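*Asks:* Sequence:
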Amino acid sequence: MRPIFSITAGIGTSPGTFKTVGSAALDLALITELYRGKNIYSARAIGIYDINMEYDEERISDYSFLFHRQIVTDKDGAGYISLGTGIGYVNGLKHGKPNGYASHEEIYFNSFGIPVESRAFLTAPYFGLGTIFFANFNKEWSVYGILLCFQLRYSKE
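According to numbering that gives the first Met the number 0, the sequence shown holds residues 0 to 156 in order.
Derived by calculation from the structure, the hints in this document are not laboratory data. These numbers were taken from a predicted model, which means no experiment stands behind them. Among the hints, erroneous ones may be present.
Stated by the list, open to error - In silico DSSO-like pairs for lysine-lysine, Cα to Cα no more than 30 Å straight-line:
id : residue 1 : residue 2
1  : Lys37     : Lys96
2  : Lys155    : Lys37
3  : Lys96     : Lys155
4  : Lys138    : Lys93
5  : Lys74     : Lys138
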């Protein structure tokens, strides 16, 4: 069976995204994919959240459309590795100058960027498990991270 469409959900982290001491990033993603031969067309939404409890929250949202090419595909359809890039948009909230203890000036931003993605998935006809390494290079706040993902696949015989 050849997959036609899938929905992928992921959770992960973006090391080094937030500069505040003690900060950690939590990434949540929702991705839809359309398959045509070795090509994958995807739309993704990734939210990157600062989970530091001492300071005001910083956050970034990445919305991207990507074109992937499968570079390794298992002959039995049990997995694939792909590389992709496209066009993206990011927006979010970052800290500016301090306004006192545990408070900073809030700077809202938005920018267009270049998203890049690498995937490695083990797949069955109706689901998949894998990892996604992602990045978005833009003028405001370039980000990168890794996601552990579960994929629901629609296949046609």
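*Asks:* Between lysine 138 and lysine 93, does the CA-CA distance stay at or below 30 Å?
*Replies:* holds, 14 Å
*Asks:* Given the hinted pair lysine 155 and lysine 37, is their alpha-carbon gap at most 30 Å?
*Replies:* holds, 16 Å
*Asks:* Is the hinted pair lysine 37 and lysine 96 satisfied, with a Cα-Cα distance of at most 30 Å?
*Replies:* violated, 48 Å
*Asks:* Lysine 74 and lysine 138 were given as a pair; does the straight-line alpha-carbon distance stay at or below 30 Å?
*Replies:* Not OK: lysine 74 and lysine 138 at ~41 Å, beyond 30 Å, violated.
*Asks:* For the pair supplied as a hint, lysine 96 and lysine 155, is the alpha-carbon distance within the 30 Å limit?
*Replies:* Violated, at about 55 Å.
Checked against the numbered hints given earlier, the structure breaks hints 1, 3, 5 and satisfies all the rest.
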